[in-house]
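Please construct the entire structure, taking both the sequences and the accompanying hints into account.
Each protein sequence line maps, in turn, to chains A and B.
Heads up: the first sequence begins at 2 in this note's numbering, then just goes up one per residue.
Heads up: the second sequence begins at 507 in this note's numbering, then just goes up one per residue.
Treat the hints as calculated values from the structure; they're not laboratory data.
A few of these clues could be false.
As the list claims (entries may be wrong) - Stretch-level coverage of chain B by chain A, calculated; a stretch enters the list once three of its residues show a Cβ under 8 Å from a Cβ in chain A: (1) 519 to 533; (2) 595 to 602.
Stated by the list, open to error - Short derived list, chain B residues pointing at chain A, Cβ under 10 Å: (3) Ser540; (4) Cys548; (5) Ala549; (6) Arg553; (7) Pro559; (8) Val560; (9) Ala573; (10) Ala576; (11) Leu580; (12) Tyr609; (13) Ala610; (14) Leu617; (15) Ala621; (16) Cys635.
The structure presented is a predicted model; accordingly, all values stated were derived computationally and were not measured.
Glycine included, each C-beta is placed from N, C-alpha and C at the ideal position.
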Amino acid sequence: MKTTAGDPHPHPHEPAPALRRAQEARLRTAWTPPRGWRYWSEVNNTHVGIWYTATVFLFLLFGGVLALLMRIQLAVPDNDFLAAETYNQVFTVHGSVMMFLFAIPAFEAIAVIFLPQMLGARDLPFPRLSAFGYWCFLLGGLFLAGAIFFDAAPHGGWFMYPPLTSRYQPDIGADIWLLGFSFIEVAAIAAAVELIIGVLKCRAPGMRINLIPLYAWYVLVAAAMILFAFPPLIAGSLLLELERAFGWPFFDPRGGGDPVLWQHLFWLFGHPEVYIIFLPSVALVAMMVPTFARVPIVGYGWIVLSAVGTGFLSFGLWVHHMFTTGLPGISLGLFSAASEAVAIPTGVQIFCFIATLAAGRMTRSVPMLFTLGGLAIFVLGGLTGVMVAVASFDLQAHDTFFVVAHLHYVLVGGAIFPIVAACYYFFPLINGKKLSDRLGTIAFWLMFTGFNVAFLPMHLTGLRGMPRRVFTYPAGLGFDGLNLASTIGAFILAAGFGVVAWDLVRPKRRQPISERNPWRAGTLEWLPGMPPEPWGVRSIPEIDSRYPLWDQPDFVRDVDEGRFFLPDADELTRETLVTSVIDARPQQCLRVSGPSFVTLWAALALGGFFIFGTFHWWAPAIISAAAALGVIVYWLWTATGLIPARATKDVGMGVSLPTYVSGPQSVGWWAVFITMLADFTAFVSLVFGYFFYWTLHDDFPPAGAGPGWRWPLGGAALLLGGWGLTLLGRRANARDRAPLFYSALAASTALAAAGGAALILGPWRSGLDPTKDVHAAIVWVLVAWTVFHAAIGIVMNLYCVARRLAGRMSARHALEIGNVALYWHFVALTAVITVAVVAGFPLVT
Amino acid sequence: MNAPHPSHPLHERHERLWRLAISPVIWGAHLMASYATAAVWCARHTRDGSLGPVRWAIAAYTVAALAGIAWNGLGGLRRHRRGTESPPHDFDTPGDRHGFLGYATVLLAGLSAVAVLFAALVIVFFKDCR
Chain A
2 MKTTAGDPHP HPHEPAPALR RAQEARLRTA WTPPRGWRYW SEVNNTHVGI WYTATVFLFL
62 LFGGVLALLM RIQLAVPDND FLAAETYNQV FTVHGSVMMF LFAIPAFEAI AVIFLPQMLG
122 ARDLPFPRLS AFGYWCFLLG GLFLAGAIFF DAAPHGGWFM YPPLTSRYQP DIGADIWLLG
182 FSFIEVAAIA AAVELIIGVL KCRAPGMRIN LIPLYAWYVL VAAAMILFAF PPLIAGSLLL
242 ELERAFGWPF FDPRGGGDPV LWQHLFWLFG HPEVYIIFLP SVALVAMMVP TFARVPIVGY
302 GWIVLSAVGT GFLSFGLWVH HMFTTGLPGI SLGLFSAASE AVAIPTGVQI FCFIATLAAG
362 RMTRSVPMLF TLGGLAIFVL GGLTGVMVAV ASFDLQAHDT FFVVAHLHYV LVGGAIFPIV
422 AACYYFFPLI NGKKLSDRLG TIAFWLMFTG FNVAFLPMHL TGLRGMPRRV FTYPAGLGFD
482 GLNLASTIGA FILAAGFGVV AWDLVRPKRR QPISERNPWR AGTLEWLPGM PPEPWGVRSI
542 PEIDSRYPLW DQPDFVRDVD EGRFFLPDAD ELTRETLVTS VIDARPQQCL RVSGPSFVTL
602 WAALALGGFF IFGTFHWWAP AIISAAAALG VIVYWLWTAT GLIPARATKD VGMGVSLPTY
662 VSGPQSVGWW AVFITMLADF TAFVSLVFGY FFYWTLHDDF PPAGAGPGWR WPLGGAALLL
722 GGWGLTLLGR RANARDRAPL FYSALAASTA LAAAGGAALI LGPWRSGLDP TKDVHAAIVW
782 VLVAWTVFHA AIGIVMNLYC VARRLAGRMS ARHALEIGNV ALYWHFVALT AVITVAVVAG
842 FPLVT
Chain B
507 MNAPHPSHPL HERHERLWRL AISPVIWGAH LMASYATAAV WCARHTRDGS LGPVRWAIAA
567 YTVAALAGIA WNGLGGLRRH RRGTESPPHD FDTPGDRHGF LGYATVLLAG LSAVAVLFAA
627 LVIVFFKDCR
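Spelled out as structure tokens, the structure:
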């Protein structure tokens, strides 16, 4: 192992036992969760991650039961176990639950627990954001899953195609789907922000970008994908809900809309989503394979290529879900090519795993059984994926059980098997006990056999012509035996899941505590003793290797004795280190938030807006939205941007770090930037909608139809003025010129209000009626989006004024105004693009 | 962890993580430009379903994209070959970190170039909008 000369070394002498005990007591005070009912105010990543994971597993079992109901119905021809309408609800909820309430949150849940441990961080930078995300997820998930018990669940398929889900299904089911999932997507984006900043800024010192665990690379890619994949769906859901609730005809050809736009927006989300599920699961494999092969991963750089390359290419595949919509052949060809190309990076990582196993000596274990079984299943799914990527084959297989078989091979092999493997692998880190090897082996063979018996015949069922989503079929078409086999297989698979579930929940009191690092892994998450202490890592180590537990001498001893960074919590508060992006140089000692119920209140209030909105109870919905704003402002006011008592802090090993950082070095600035990237992507999706309509209609935008150019141009000019004045305010604050700061922000607020009003007056005064035609509707949406962002900008300006008045912001402690100025850059860009589109584009056509 | 002097070319402040993404972004731009050109032409301009200038446009995009990817990939190769460090670049040194980022850039450029060529094949196989 070669390291840089002059690297800091752990303290050469063992600290006095009394000092160690005192440090441990203080760390325990800071990190131990509250007791009793207050436990639920905990925000630490480990606890939130465990709740998250447990909830996700319950939703998996729920989705599985729905699958069994479907298989019972399809076991024999002309069955009447489920009525057609019930069957529609069951398959819609099955798909939706598995995608939105199991697969994506499982990634977030597992990452929230283990990412900080793999990086040697005590916590992620925004623990309350994780907790808020969890509560949003739980609330939205219960709302959605519960609807089926009231016969009110969505029933238009998990991808909600209009016009089926608009004109033909006026009941509440689709509203529950659209608003419930929009709410849950808030949780997903919150988790993405947290995880990206975790990987980039919270690594143990010395963990250079070429030394980070592969899991972190995958999480970085998958979280970044969430930022660009979810917003198109949020934008699409907004449009579809506006059509359903208010009759704005975005997808209705009678008003000039087009249902194909929904398909574009949905699959712009839906295809990357498959990889958002797959990449973090294969990341777990990348952590387990070296442990059981007893050698470092072969082809680290190639796996990084694989993760990053797949992340990008997966955004060029969405049209392969739309091969039968009548798009020009050349368009199909482009997306068919991209769909074939993505097989290259996907395959590369699998070869790297095989090479690693070949280079080492694989030890037998339950996690490896599930890993290898999962890879075998996934490869079969990948191969049928290459088949359906060929447009001419897809035309035959589209909407048949062949596709059902394909997607289950990909997702069960690529996600569920690796996740179960990870359960067996990581379980000792949760409560210090191992799961049973015997039960695990039984579960594996039940699941592997059951899965193949259930899904292999479906390829043939599909090729013989059985369509998806039909609630029954007549006898004698060649489907009977195949369907019965699938049903038998489904129950064997379910029995395997039952065994895993029992192994997880069975009482383990008499079972001995596992040895430390039971699999003899080389990565940091295996540092904790058994059972783990609440602080995560006893002292934050200096990293010199990709596998520090294997390579760094006396590593565990030095960590345990507190010879590295932050061995103490002298202020009895929770702290972790912030480091630089490339070389993980320590930059800040960050105090992270402790337990609070504010995250739960914020989620309940925001949930109220979405849930009341579903029932069109507008007054309570608006009150909930106002309450959410109030709670979030209270949360920010009391827990963020706090001015620490000491400007710098000795973190050990002779390093002293600042405790307050603002601007691009701060994690808060990164959080705003990343959130706004997602927000801006949703806006771009709406703009895409505008130009999509332009390609459809010769008279789009209609000649002479509003909003004219005077009001929009005036609005944009005023908003740009507001932006400039906020930047002036930031500068005035930095120079401690308080009167100028207050006047600049007051003027910015006034200009923003006037700009918003001017933007509204454009379509208003020209009489654009959004219910009449799609041009008016999309113009109103773009204008409303911009005005809403200006309104948030106003709230932010006022917040900064209040912070400075209260003495919580100053020239040196300027986190808030730095972040608000960053936000205003996006408002300015949004305003310019909106006006260029709605007022400028009609002039040039 | 001990950093070279900030003026040293291997100091982390000269390193840009997003350089990794340049080639895949070029691939994305090529795909979107080709798609948009074909979609707008076929939806609004063609009268008889012929592709007209679309194939030439995609050919031009392809040359431009490959040139951009080659530039990014060669830059990565230069960084990868700098000094004496060689793959797997798993040492805790600024040289290995630098070489690793260069190496990953080269690999991503290679993948992007292949993906661009895959997409460009449409101008070989398609003669009209259907």
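What are the numbers of the hints that this structure violates, sorted from low to high?
Structure breaks hints 6, 7, 9, 10 and 11.
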